[in-house]
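Read left to right, the sequence shown gives residues 1 to 440 (our numbering).
It is worth saying that the hints were derived from the structure and are not from the lab.
Pairwise CB distance ranges, derived in the manner of DEER restraints:
1) R211 to A10: 22 to 28 Å
2) G77 to K7: 20 to 26 Å
3) E342 to R211: 50 to 56 Å
4) E342 to W389: 30 to 36 Å
5) S423 to L6: 21 to 27 Å
6) R298 to S423: 29 to 35 Å
7) R434 to L6: 20 to 26 Å
8) R222 to E398: 50 to 56 Å
Heads up, the beta-carbon is just placed ideally off N, CA and C, and yes, glycines get one too.
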Amino acid sequence: MLTGELKAMARLAAPIVLAELGWMAMGIVDTMVVGRVSADAIAAVGLGAIVFYGIGMCASGVLLGMDTLVAQSFGAGDREDSRKSLVNGVWLSIVLIPPVMALVRAFDPLLAAFGVDKEILVLARPYVHALNWSAPPLLLYFAIRRYLQAVHIVQPVMWTLLTANFVNLAANWVLVFGHLGAPRMGAEGSGWATCLSRVYMAVVLGIVLWRRESDAGKISWRPDAARIAELLKLGLPAAGQMGVEIAVFAVVTILIGRLNALALAGNQIALTTVSTTFMMPLGISSAAAVRVGNALGRRDPEGAARSGWTALGLAVGVMSVAAVTLLVAPHMIARLFTPEAEAIAAAVTLLRIAAFFQLFDGLQVVATGALRGAGDTRTPMLCHFTGYWLIGLPLGAELCFGRGFGAAGLWTGLCAGLILIGSVLALLWRRTSRNFEMIK
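Taking the hints into account, I'd like the entire structure generated from these sequences.
Written out as structure tokens, the structure reads:
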């Protein structure tokens, strides 16, 4: 039984992991391309990206309720109910577009208030403005993707993201450096390149949805208030959990921006790297949510428990490899982003700290996905808030500014918070999976 579950989990998780890596690759390409412009350009892109994605990803978290509802109804064989969640998820994404774009624009004066270097702000502002126009296609893409993944249509999601990287790379080459008669836009050009790739992603997945749903033309696109309320009941805590996590890294980035441009460049390199390793358990987490939800939908509590534990085992395996890689090859990784020796040195220190929280980062995100498949999105939010904001950030700030450890101090605090969160959520999944017998 366990071998069968492992194979089923791997078949579902592998394309999602590759899709997540494809998603992350676009950010890496942006960082590497602007790294050939200057260290300040890296810092500006890093600062601007974390502002936009802090808000945009939090909004996309509202759509995570689709994982639970679509996966469980699909497991129960009720395609009509699955499509109902799709329709209302799309409407919800449309409603989210104006507030997301408004919040991104409103965040600009706050960066100056935090004391971020003025030269970095000058470069970051046009980059964020360009990136902000990617919000509409990005949110629509997320709604369609949640549905497709929950009904096991994952190959097109993977290929869409992988091919979007070619769109992004080509647009970066043209707009950042001014090729083919385009103006040399620097960091701002990278923002417009990312925007173009998001439009491509939304259009392609929309076409996939239309073709895969044989009676797509008959689907009623009328919004349903009750279903939207169900999505919000599950999605708002999930968005809160994502917001708590993203915001703490945003605050850390802003605080490091008060130190100097080199520290911020090192932070961006390290953050991009660990975000890349995080994509692997994040993909497994999405698969866990689907597999657990499918099993509960067909009234199979033992299968749901088995799916969750299999996903956690996979996470331990892949993140152990990531931890070893960060420990033994930090210089090699940093050189991929910049040739500047001082920026490399700053990044290496943070990468070595990151190696110690890789395993726990994998545990926390996969346990969160398994719990989401079971309909629990509130508990992970509370765990993340406690671990990051009550323990990790205060400890990191004291080590950075009180004890003089700089950026390394802030990352050490994050490491402590992640170790706590990962351990607690794994134990909570253990308790939840034991309670599944009550479903019978």
